[in-house]
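J.: Listed here are the chains, written in short residue letters.
Protein chains: 2
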Amino acid sequence: MSNKNVFLKKYFLMTRSEENYLKTIFHLGGGDAKSITTNAIAEQMETKPSSVTDMAKKLSEKGLVDYVRYQGVSLTDVGVKTALSIIRKHRLWEVFLVKKLDFTWDEVHEVAEQLEHIKSEKLIDKLDELLEFPKHDPHGDPIPTKDGKFQERDEKLLSEMPINSQGVCVGVKDSSVPFLKFLDKNKIALGNTIKVLDKEDFDNSLRIQMDGKEMRISHQIAANLYVKKND
Amino acid sequence: MSNKNVFLKKYFLMTRSEENYLKTIFHLGGGDAKSITTNAIAEQMETKPSSVTDMAKKLSEKGLVDYVRYQGVSLTDVGVKTALSIIRKHRLWEVFLVKKLDFTWDEVHEVAEQLEHIKSEKLIDKLDELLEFPKHDPHGDPIPTKDGKFQERDEKLLSEMPINSQGVCVGVKDSSVPFLKFLDKNKIALGNTIKVLDKEDFDNSLRIQMDGKEMRISHQIAANLYVKKND
DNA sequence: ATCTATTTTTAGATTTGTCTAAATTTAATT
DNA sequence: AATTAAATTTAGACAAATCTAAAAATAGAT
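Protein chains in written order, with our numbering: chain A, 1 to 231; chain B, 1001 to 1231.
Don't take each hint at face value.
In silico PhoX-like links for lysine-lysine, alpha-carbon gap of 20 Å or less [as the list claims (entries may be wrong)]:
#, chain 1, residue 1, chain 2, residue 2
1, B, K1213, A, K100
2, B, K1199, A, K99
3, B, K1122, A, K100
4, B, K1228, A, K100
5, B, K1100, A, K122
6, A, K181, B, K1122
7, A, K99, B, K1100
8, A, K122, B, K1099
9, B, K1081, B, K1100
10, B, K1119, A, K100
11, A, K126, B, K1100
12, A, K99, B, K1099
13, B, K1181, B, K1199
14, B, K1228, A, K126
Okay, the calculated beta carbon distance ranges per label pair [claimed, not checked]:
#, chain 1, residue 1, chain 2, residue 2, range
15, A, S35, B, Y1070, 54 to 62 Å
16, A, S50, B, D1125, 55 to 63 Å
17, B, D1032, A, T104, 37 to 45 Å
18, A, T104, B, D1211, 45 to 53 Å
19, A, S35, B, L1013, 50 to 58 Å
20, B, E1132, A, S35, 50 to 58 Å
Derived list of chain A stretches under chain B, where covered just means 3 residues or more per stretch with a C-beta under 8 Å from a C-beta of chain B [said to hold, decoys possible]:
#, stretch
21, 95-105
22, 112-120
It should be emphasised that the hints constitute simulated quantities derived from the structure, not laboratory data.
Ideal Cβ positions, reconstructed from N, Cα and C, are used throughout, including at glycine.
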């Protein structure tokens, strides 16, 4: 192997496992220099803290995280960029699965978890183009641009909307299969306009109007729906 | 882990490495009960014979190959079916890359080598549908059906065509990047009609007519182009 | 039929990513 | 400040997939 390839191997080629750790650390908030504990990572990834420690050392040596023993890890700038590129791939593949292959939004995650590790810059650029540069994935999560920029949305949780305000449903906070299936069953979909009619003090449930119909939803549901407020 | 999953793990979940071995054995001809030597597999996969021996034992335990020490391996029926499903995935992804993402035929192999290992039956069925059930990949190789059937074509090598016969170019035997680039440069593409005008005894080169133009091609080129003969 | 060259396998080591159990450090409480 | 509970790391082990070097089996040639 040439010197050049040794360089590439050490600094750019990432294993699937390394990529999964970076993604998890990012999602746990370790991008803002916040330090994430090994325990938190282990719990999220359903692995053991000792395994996380090992990987933390490895990622630290590669310059992808800052790691201080007993203090946890945070992503470096390179680490954030790398995490964003994996998240970009994951979300673009999710859009592909829904738009081109008729997957439902509760089916895409598992397959995208595999597809996100495919290595080909051209593949992802062309996929982006085929999908006409989508800004959000099927759950409403923003798709980072090629150079790692997010467009943050002016959105809030439905549970935080004042009475009589209304907005468009733009995303879900919880994208677990049961929650998504629940939304389907109740005909709650992204794009729907929702108006908050009333709040019940007792259990924080909401009475809402959606597509002309009235319904009652629990606080737990409302706290997992993002709404873009119509001013 | 439940008993059911133990069963699934042992008999159906294949590692990437196992899948690559099965594919190689199939391509070396080990599907017709022919026994393939460990050396041949090692050479093809650029690995060591001792590694092949280890994997042969593993695949044999899983019932995917028949393995006799010092005699080589051949695929069982299950092994053939599994190999075909991987080849099916590889070739469908190649078609996708060319038809939907504008890849050239010399760029697809490397990416398809990764994509072929994605596990999702629905994904591949839907991809097949999106591509309108293609029968051949961009190099003219047949795509096995879902139930593992090939449609063999009535094709022969251009080098074996008699003088004055003509046919349509339907595939390449060698699908290496240099050969494909050479064909592009010389405007030789699948679908072109080729007529054999003359053969040179000295070096076995051919004088051909293609799209009205005459050209001379070496034996090595002609021996790597499949032609469907017009009767 | 024996010998020899080649092929193939075995044995033991390595790397990656994981685990368990024990040891260490930190943080909370008195 | 000392003690203790919780979090974290270390040490040692394991499985998968590979390698090298040595041993064993096969096949070809005399």
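J.: Is K1081 (chain B) within 20 Å of K1100 (chain B), Cα to Cα?
T.: violated, 28 Å
J.: With a cut-off of 20 Å on the C-alpha distance, tell me whether K1181 (chain B) and K1199 (chain B) pass.
T.: Violated: K1181 (chain B) and K1199 (chain B) sit about 24 Å apart, past 20 Å.
J.: How does the Cβ-Cβ distance of S35 (chain A) and L1013 (chain B) compare with 50 to 58 Å: does it lie in that range?
T.: violated, 37 Å
J.: Range first: 50 to 58 Å. Now tell me if the beta carbons of E1132 (chain B) and S35 (chain A) are that far apart.
T.: Since the Cβ atoms of E1132 (chain B) and S35 (chain A) sit about 52 Å apart, the hinted range of 50 to 58 Å holds.
J.: Do three or more residues of the stretch 95-105 of chain A come closer than 8 Å to chain B, measuring C-beta to C-beta?
T.: holds (count 5)
J.: Sort out whether K99 (chain A) lies within 20 Å of K1199 (chain B), counting only the CA atoms.
T.: violated, 52 Å
J.: Given the hinted pair K99 (chain A) and K1100 (chain B), is their Cα-Cα distance within 20 Å?
T.: Given that 20 Å is the threshold and the Cα spacing comes to 13 Å, the pair holds.
J.: Straight-line Cα separation of K1119 (chain B) and K100 (chain A) no greater than 20 Å?
T.: Status holds; Cα separation ~18 Å.
J.: Tell me if the beta carbons of S35 (chain A) and Y1070 (chain B) are separated by a distance inside 54 to 62 Å.
T.: Since the Cβ atoms of S35 (chain A) and Y1070 (chain B) sit about 57 Å apart, the hinted range of 54 to 62 Å holds.
J.: Straight-line Cα separation of K1100 (chain B) and K122 (chain A) no greater than 20 Å?
T.: Holds. K1100 (chain B) to K122 (chain A) sits at ~13 Å (cutoff 20 Å).
J.: Is the Cα-Cα distance between K181 (chain A) and K1122 (chain B) 20 Å or less?
T.: holds, 19 Å
J.: Given a hinted range of 45 to 53 Å, is it respected by the beta-carbon distance of T104 (chain A) and D1211 (chain B)?
T.: Check passed, 47 Å falls within 45 to 53 Å.
Hint compliance for this structure: hints 1, 2, 4, 9, 13, 14, 16, 19 are not met, and every other hint is.
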